[in-house]
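Number of protein chains: 2
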Amino acid sequence: MSILVIGSLGLDTIETPFAKVEESLGGSAVYISLAASYFCPIINLVGVVGEDFPEKYIQLLREHHIDLDGLQIIKNGKTFRWKGKYDYDMNSRETIFTELNVFKDFNPVIPENYRDSKFVVLGNIDPELQMNVLNQLHNPKFVICDTMNYWIERKNDALKDLLKKVDMLIINDSEARLLANHPNLIQAGKKILKMGPKKLVIKKGEHGALLMTDEILFTVPAYPLENINDPTGAGDTFAGGLVGYLSKVNVINNEELKRAIIYGSVLASFCVEKFSVDGLLDLNYLKIKDRFNQFFSITHFEE
Amino acid sequence: MSILVIGSLGLDTIETPFAKVEESLGGSAVYISLAASYFCPIINLVGVVGEDFPEKYIQLLREHHIDLDGLQIIKNGKTFRWKGKYDYDMNSRETIFTELNVFKDFNPVIPENYRDSKFVVLGNIDPELQMNVLNQLHNPKFVICDTMNYWIERKNDALKDLLKKVDMLIINDSEARLLANHPNLIQAGKKILKMGPKKLVIKKGEHGALLMTDEILFTVPAYPLENINDPTGAGDTFAGGLVGYLSKVNVINNEELKRAIIYGSVLASFCVEKFSVDGLLDLNYLKIKDRFNQFFSITHFEE
Numbered sequence: 001m002s003i004l005v006i007g008s009l010g011l012d013t014i015e016t017p018f019a020k021v022e023e024s025l026g027g028s029a030v031y032i033s034l035a036a037s038y039f040c041p042i043i044n045l046v047g048v049v050g051e052d053f054p055e056k057y058i059q060l061l062r063e064h065h066i067d068l069d070g071l072q073i074i075k076n077g078k079t080f081r082w083k084g085k086y087d088y089d090m091n092s093r094e095t096i097f098t099e100l101n102v103f104k105d106f107n108p109v110i111p112e113n114y115r116d117s118k119f120v121v122l123g124n125i126d127p128e129l130q131m132n133v134l135n136q137l138h139n140p141k142f143v144i145c146d147t148m149n150y151w152i153e154r155k156n157d158a159l160k161d162l163l164k165k166v167d168m169l170i171i172n173d174s175e176a177r178l179l180a181n182h183p184n185l186i187q188a189g190k191k192i193l194k195m196g197p198k199k200l201v202i203k204k205g206e207h208g209a210l211l212m213t214d215e216i217l218f219t220v221p222a223y224p225l226e227n228i229n230d231p232t233g234a235g236d237t238f239a240g241g242l243v244g245y246l247s248k249v250n251v252i253n254n255e256e257l258k259r260a261i262i263y264g265s266v267l268a269s270f271c272v273e274k275f276s277v278d279g280l281l282d283l284n285y286l287k288i289k290d291r292f293n294q295f296f297s298i299t300h301f302e303e
Numbered sequence: 001m002s003i004l005v006i007g008s009l010g011l012d013t014i015e016t017p018f019a020k021v022e023e024s025l026g027g028s029a030v031y032i033s034l035a036a037s038y039f040c041p042i043i044n045l046v047g048v049v050g051e052d053f054p055e056k057y058i059q060l061l062r063e064h065h066i067d068l069d070g071l072q073i074i075k076n077g078k079t080f081r082w083k084g085k086y087d088y089d090m091n092s093r094e095t096i097f098t099e100l101n102v103f104k105d106f107n108p109v110i111p112e113n114y115r116d117s118k119f120v121v122l123g124n125i126d127p128e129l130q131m132n133v134l135n136q137l138h139n140p141k142f143v144i145c146d147t148m149n150y151w152i153e154r155k156n157d158a159l160k161d162l163l164k165k166v167d168m169l170i171i172n173d174s175e176a177r178l179l180a181n182h183p184n185l186i187q188a189g190k191k192i193l194k195m196g197p198k199k200l201v202i203k204k205g206e207h208g209a210l211l212m213t214d215e216i217l218f219t220v221p222a223y224p225l226e227n228i229n230d231p232t233g234a235g236d237t238f239a240g241g242l243v244g245y246l247s248k249v250n251v252i253n254n255e256e257l258k259r260a261i262i263y264g265s266v267l268a269s270f271c272v273e274k275f276s277v278d279g280l281l282d283l284n285y286l287k288i289k290d291r292f293n294q295f296f297s298i299t300h301f302e303e
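Listed in order, the protein sequences are those of chains A and B. Residue 137 in the numbering used here sits at position 137 of the first sequence, and the numbers go up by one each step. Residue 150 in the numbering used here sits at position 150 of the second sequence, and the numbers go up by one each step.
Just chain A, with the same shape it has in the complex (with noise of 0.2 angstroms):
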């Protein structure tokens, strides 16, 4: 099986009361990619970077076996750059600056190799694109899509018309409210559903996760931590997690669904725990399942 992932590659300058990191590696796709890494033996990733892209990036990839052959290198171009501040309570963040650089054109093209692609994850982009990538696919068996409030609000039409298209949309809390235009979660999600996305996932960031079907509803608390030490990329891992665990078992059923929404978690949970991507480098399965063991445990209780 393997995993197409279409989002940003970009260079994070993080700032939280107790450290900092600069122009460290970040963006969507490469959260998605490494999450799902460790459930699919073929991440296909498509992306831009500009020239200034560190080689020791592109190696860190690969090593995580995460194929770059759909990522376009811009000559002479400069990679998408974001700063971003915590408070203490890591929940409100200030983006200091974005720089969208390359990112601004990225057009995204499917290479032949990849078209044929079964599980898709498009990125947080101009909902047009993720169209435009869609059409260049074969034969797609699960495609799942992110957006935020900035498509909400200025491509709703396009942002519609792709959601005909997709099997799950996974967004945050407030990006449902927004698009339902509606303040109670619950029935924002079932108008969203109604707008033809068959499964969507709510995430509520240090509160979980919500799974929404026509036939089913499930909630989840997040993974409980000791140590928060940086909440960039989380959203992003819970999806490559999630996404990889339906990879790996091929299945889309109910009970799979929900194993996949926890094993989302359990990857995001790794995540946050350390400083940018270094949370998501030294997993190995037993590592994951046990902490997929741990969250069963402690939320599981007899009838």
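Don't take each hint at face value.
All copies of an identical chain are treated as equivalent in the list; a pair is satisfied when it fits inside any one copy or across any two copies.
Result set (EDC-like, lysine to aspartate or glutamate): computed pairs, CA atoms no more than 16 angstroms apart in a straight line [as the list claims (entries may be wrong)]: (1) K289 / E303; (2) K191 / E226; (3) K258 / E303; (4) K190 / E226; (5) K20 / E273.
These are calculated hints, taken from the structure and not from any lab test.
Add chain B to chain A, keeping to what the hints say.
The following block gives chain B in isolation, referenced to the frame of chain A:
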């Protein structure tokens, strides 16, 4: 089995963007007792009201077989009053006024026939008074206490003395952080357990609850609701459902504690669906068990 409840009775004026009620039945002891009444045949209530406390509310409590031998009715006294206002998201509330009135000089006297109560809830009052109550009891089996920022800051020593004597502390997340002086909830919880209470429950409002003991950690989301009309009393209702269930099974072990947390969440979910105490008036075991089963099905996954 009998439950002893000490706390406030009051007249609440509550405003939300959708409705308003004036001088409705409220107070911690009321919510706790009503919720517990669905599990336990004898609820012994100790509290204070003024002569202006409406007879219809006395009747309402009696109809839920809540014993009022311990209710002090102060001649010419005025009942505790509170007015709160909620915003659209129902999470932030503003206290418009608090009139302590007769509650200001509340000094709980436990009637002789209450002193053998096995399950005890010390609602949020001065920790010195909570300790006085404990000293009047013969041999309680399980003592739960609540507190608030005010006492954590102003009666810290008395509170710490009390915590050594209680079986379970139930507080919300901001109170836990303040009491432990630690921003991380899990680390705060560990610090609080070292202060004495054998079990700790941290309520997170619409985000669920956390149970911590020396042996286990258990975390649950809140029951997802499509309509939240009035969050007033949800935390006290949670405690009432929890103690009610424990008194019913009369066994304190990890599995029953977990189920008690779920029953607490279930009762709280009924509470917030309607205004004031209305959601707690027409329940029955079947409705409660049905929602418990629903709770299981929306949170359960297979290992």
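Evaluation of the provided hints:
With identical chains, the CA atoms of K289 and E303 are at most 16 angstroms apart between copies only, with a shortest distance of 10 angstroms across copies and 25 angstroms within one. For the homomeric pair K191 and E226, the shortest alpha-carbon distance between copies (12 angstroms) is at most 16 angstroms, but the shortest distance inside one copy (36 angstroms) is not. For the identical chains of this complex, K258 and E303 are inter-copy neighbours only, at 10 angstroms across copies versus 18 angstroms inside a copy, given an alpha-carbon limit of 16 angstroms. With identical chains, the CA atoms of K190 and E226 are at most 16 angstroms apart between copies only, with a shortest distance of 10 angstroms across copies and 34 angstroms within one.
In this homomeric assembly, K20 and E273 come within 16 angstroms of each other (Cα to Cα) only inside a single copy, at 14 angstroms, whereas the closest approach across copies is 45 angstroms.
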